[in-house]
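Which chain is which? The protein sequence lines are A and B, in order. With full-length UniProt numbering applied, the first sequence corresponds to residues 1 to 496, in that order. With full-length UniProt numbering applied, the second sequence corresponds to residues 1 to 496, in that order.
Hints were generated in silico from the structure; no laboratory data involved. Misleading hints may appear alongside valid ones.
No distinction is drawn between identical chains; accordingly, a pair holds when it is met within one copy or between any pair of copies.
In silico DSS-like pairs for lysine-lysine, Cα to Cα no more than 30 Å straight-line [claimed, not checked]:
id : residue 1 : residue 2
1  : K212      : K476
2  : K63       : K369
3  : K476      : K94
4  : K212      : K390
5  : K369      : K482
6  : K94       : K352
2 protein chains.
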Amino acid sequence: MWLGWSTGRRLLAFRRRLQLCRNVSLPNSARGAVEDGVLSKFRSICGEDGISLGEAVREQHGKDESVHRCCPPDVVVFPRCVEEVSALARVCHKHNLPIIPFGTGTGLEGGVGAVQGGVCFSLRNMDQILDLHPEDFDVTVEPGVTRKSLNAYLRDTGLWFPVDPGADASLCGMAATSASGTNAVRYGTMRENVMNLEVVLADGTIIHTAGKGRRPRKTSAGYNLTNLFVGSEGTLGIITKATLRLYGIPEAMVSAVCSFPSVQTAVDSTVQILQAGVPIARIEFLDDVMIDACNRFSSLSYAVTPTLFLEFHGSERSLEEQVNTAEEITQSNGGSDFQWARDAETRSRLWKARHDAWYAAQALRPGCKAYSTDVCVPLSRLPQIIMETKEDLIESRLTGPIAGHVGDGNFHCLMVVDPSDPDELHRVHLFTERLARRALAMDGTCTGEHGVGLGKRALLREELGPQAIQVMQGLKDALDPKQLLNPEKILQHKEQ
Amino acid sequence: MWLGWSTGRRLLAFRRRLQLCRNVSLPNSARGAVEDGVLSKFRSICGEDGISLGEAVREQHGKDESVHRCCPPDVVVFPRCVEEVSALARVCHKHNLPIIPFGTGTGLEGGVGAVQGGVCFSLRNMDQILDLHPEDFDVTVEPGVTRKSLNAYLRDTGLWFPVDPGADASLCGMAATSASGTNAVRYGTMRENVMNLEVVLADGTIIHTAGKGRRPRKTSAGYNLTNLFVGSEGTLGIITKATLRLYGIPEAMVSAVCSFPSVQTAVDSTVQILQAGVPIARIEFLDDVMIDACNRFSSLSYAVTPTLFLEFHGSERSLEEQVNTAEEITQSNGGSDFQWARDAETRSRLWKARHDAWYAAQALRPGCKAYSTDVCVPLSRLPQIIMETKEDLIESRLTGPIAGHVGDGNFHCLMVVDPSDPDELHRVHLFTERLARRALAMDGTCTGEHGVGLGKRALLREELGPQAIQVMQGLKDALDPKQLLNPEKILQHKEQ
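Start from the sequences and build out the full structure, keeping to the hints where you can.
If you want it as structure tokens, here you go:
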């Protein structure tokens with residue numbers, strides 16, 4: 001049974017987390033460095049331009065947007081097609097070299113760090129949008145395609161892909177992380193919106209999780225391999241194609257902002273709007289600190305109180321009804337009148353402000369680094385956990401505006417940390433662990449959408465228990481017996 | 001590479017499929033019979049009443065509602081709690097006895113047959129509804145709880161569980177089969193509606209796929225174990241609890257029937273209704289043969305032409321808009337005026353007629369047996385595959401009314417077969433294989449919701465390719481190295 005860490009070990013672990021990098025703290029005895037002969041093979045597969053040993057390029061591929069320290073790979077390769085990915089993987093497999101898939105590096109839990117060195121597979125050169133079937137609401141994309149570029153491509157078709165984690169992440173990276181974001185309350189997460197994946201396994205084998213080219217809207221044909229790879233964070237295979245479910249662009253959309261006297265009334269409104277069956281597209285909570293930061297950063301002037309950003313999608317008529325029901329509920333909870341964003345430009349400005357929350361938080365303390373926590377609890381537990389978390393922030397003397405996809409029970413503290421202050425770092429670490437454990441104590445999860453990466457491996461074990469972790473390790477061993485794929489992520493192999 | 005079967009082998013395989021049973025065709029050398037000492041252990045775990053060796057009970061647990069021949073287990077056990085399931089599994093594991101989980105026996109692909117003998121775990125005595133959280137829209141059920149009993153229990157809460165495969169199946173059995181049915185077009189399948197599972201593994205270990213008691217609406221915490229067990233058909237573990245997502249009962253519901261001049265116009269209407277963004281709850285297609293059978297069986301008088309049964313859920317106002325849009329579309333395609341079912345009783349009669357399609361089909365040829373095919377294709381391919389299938393039925397001189405969840409691209413031919421006519425059986429077999437391959441050639445799947453069981457193992461291989469099958473086998477080996485859990489289902493172990 002997992003007994004928890006002592007405080008000393010916790011501090012050590014957090015320091016290690018920030019430092020976790022082959023060059024600093026981990027022996028590399030089991031892995032060979034990348035030899036010249038191997039580099040020649042890489043060049044013969046993806047050309048002179050398809051491989052980089054330059055320090056800047058390696059540094060750039062050794063980190064994401066989290067506070068996890070940069071762990072550069074030994075070499076970065078840039079395959080142009082699945083056959084090249086497969087050939088490169090075969091070489092790595094033969095030479096026992098770690099393989100780290102890289103999309104856009106917008107992850108938040110250290111998922112791309114080369115903690116044992118090895119070969120980073122940057123998939124940016126595979127950026128084709130393939131096989132759009134507008135009449136079937138599906139499309140297939142290569143791993144270099146980002147969500148914004150897909151939606152730009154779709155603009156004239158009347159279709160869109162709604163999963164929106166904020167960052168312009170690659171869609172296959174979003175599949176790997178089981179990403180979601182602001183629209184998930186209505187349209188689901190990547191789990192519900194990936195229909196098929198092409199995956200290169202550790203030994204170079206190419207599979208299609210639902211069969212090559214298949215795209216039925218539902219299936220019960222064998223084990224759900226698609227959803228085994230969605231959320232596997234590059235530890236089970238390299239995703240080289242994703243077939244995605246598309247949606248018709250709604251006839252009408254309208255956004256609104258509503259201020260509340262308290263966290264409780266804002267969250268109560270959320271729960272009641274969902275209970276009333278309003279098919280709300282987005283319902284985002286920002287606490288007073290967050291809205292203040294957004295006001296400053298995006299030159300807005302919303303009341304500095306707990307706030308909901310809402311968005312409604314539908315026909316003109318159904319919109320009216322949705323909005324009326326929602327407004328009735330918010331007003332009965334003491335919410336302000338809705339401030340409207342009806343035209344595309346105003347709506348876009350509003351959501352840009354929400355997506356810029358990260359930068360707005362950072363701007364509260366120039367020179368500091370933002371670190372986003374991520375927990376998710378059942379809806380009814382939201383007011384309590386947010387209130388307790390705000391008290392904890394004050395007691396811990398920390399800056400952490402809160403923003404969240406409250407329709408899913410998912411929220412983030414955007415911690416703004418001085419990386420040169422070890423005491424503050426320690427307090428942040430203790431705070432984030434308390435937050436995660438608070439979520440666990442309320443039947444929730446330590447991560448609703450950011451994934452486990454390096455940062456949440458110990459918490460994952462607490463969340464699932466040793467038996468479920470052992471099952472996960474068994475799946476990992478079955479698919480990647482040499483433990484080459486994105487080592488040390490999700491599971492701490494053989495260290496438990 | 002899979003090269004397909006010759007006709008001779010096909011016939012052999014189909015005969016084998018109908019006969020597949022330890023007593024008839026498979027050696028049992030690897031498995032010991034259930035010895036007295038083992039039976040004593042079973043009795044000490046679940047009491048004298050918790051075990052049955054009676055022929056009638058064993059027969060009853062050796063078959064589902066398909067044409068697969070009855071394969072009775074050696075013994076049936078009736079555990080009362082997860083601890084008993086775990087203890088029984090440990091005994092089976094020690095003595096290398098096959099374990100076959102049994103819910104209600106309403107499956108359609110031979111999933112419960114004890115093809116290698118062994119121990120059937122009937123879960124009917126575990127029938128408690130636990131941990132209802134109305135404010136969070138979730139509930140946890142034991143494996144003996146059926147969907148109808150859950151919805152009866154929920155009646156006063158304003159909530160319901162919408163996944164509806166027709167039969168009053170157990171909810172954990174529905175999870176095991178990845179079931180769906182008429183409401184999936186709006187509410188999703190079991191894949192989207194199971195939040196957590198308690199599972200007993202082959203060696204008796206108890207796991208919770210998302211952590212014990214956890215019920216966040218979304219998570220990205222590690223591999224998606226929940227959706228690995230959903231659809232695993234008892235081959236990876238015994239599901240002993242399921243936490244399910246609930247929905248608010250809509251303010252208003254209305255059903256309608258609409259007749260069409262052709263299959264094409266009925267299916268075109270379906271596609272256009274979905275494209276228009278109507279959040280339709282049910283849209284069911286019945287071909288002329290099917291509606292004729294339903295008319296006779298349920299004393300109805302609908303026009304004997306391709307027909308849609310539709311259902312709309314929402315507020316009174318949104319319903320009006322949904323209905324108007326849908327009716328405009330159906331009329332532009334030459335559909336009849338809607339025939340309404342507004343009150344609960346009329347709606348219930350209408351959907352009972354749809355759910356009784358199976359018996360209506362059987363009644364077309366008294367003394368014959370119904371056999372339901374199950375394919376799913378992208379929406380745009382539906383008219384072509386249904387037309388080709390109807391022609392094939394005529395050419396093959398077979399009775400096979402067609403009914404389907406066309407909003408998902410999923411449909412069934414309800415074959416009515418004389419089991420004593422080997423020539424007809426052979427023609428049915430060739431027809432169903434052609435139908436499945438037609439679906440595969442149109443980017444579809446050989447099973448949208450019935451699962452693989454015994455019946456579709458060869459087709460599954462064609463659908464996914466040998467590499468993906470090998471990955472599935474690797475997962476099976478990792479979780480059930482002794483191959484004790486529901487042997488021979490989904491994968492044909494070591495026989496490929």
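Tested hints:
For the identical chains of this complex, K212 and K476 are neighbours both inside a copy (23 Å) and across copies (22 Å), given an alpha-carbon limit of 30 Å. Proximity of K63 to K369 under the C-alpha cut-off of 30 Å is restricted to the intra-copy arrangement: shortest distance 14 Å within a copy versus 62 Å between copies. Both within a single protomer and between protomers do K476 and K94 lie at most 30 Å apart by alpha-carbon distance, with minima of 18 Å and 26 Å respectively. For the homomeric pair K212 and K390, the shortest alpha-carbon distance between copies (27 Å) is at most 30 Å, but the shortest distance inside one copy (49 Å) is not.
For a Cα distance limit of 30 Å, the shortest separation of K369 from K482 qualifies neither inside one copy, at 36 Å, nor across copies, at 51 Å. In this assembly of identical chains, K94 and K352 lie within 30 Å of each other by CA distance neither inside one copy nor across copies; the values are 46 Å within and 60 Å between.
Against the hints set out earlier in the document, violations occur for numbers 5, 6.
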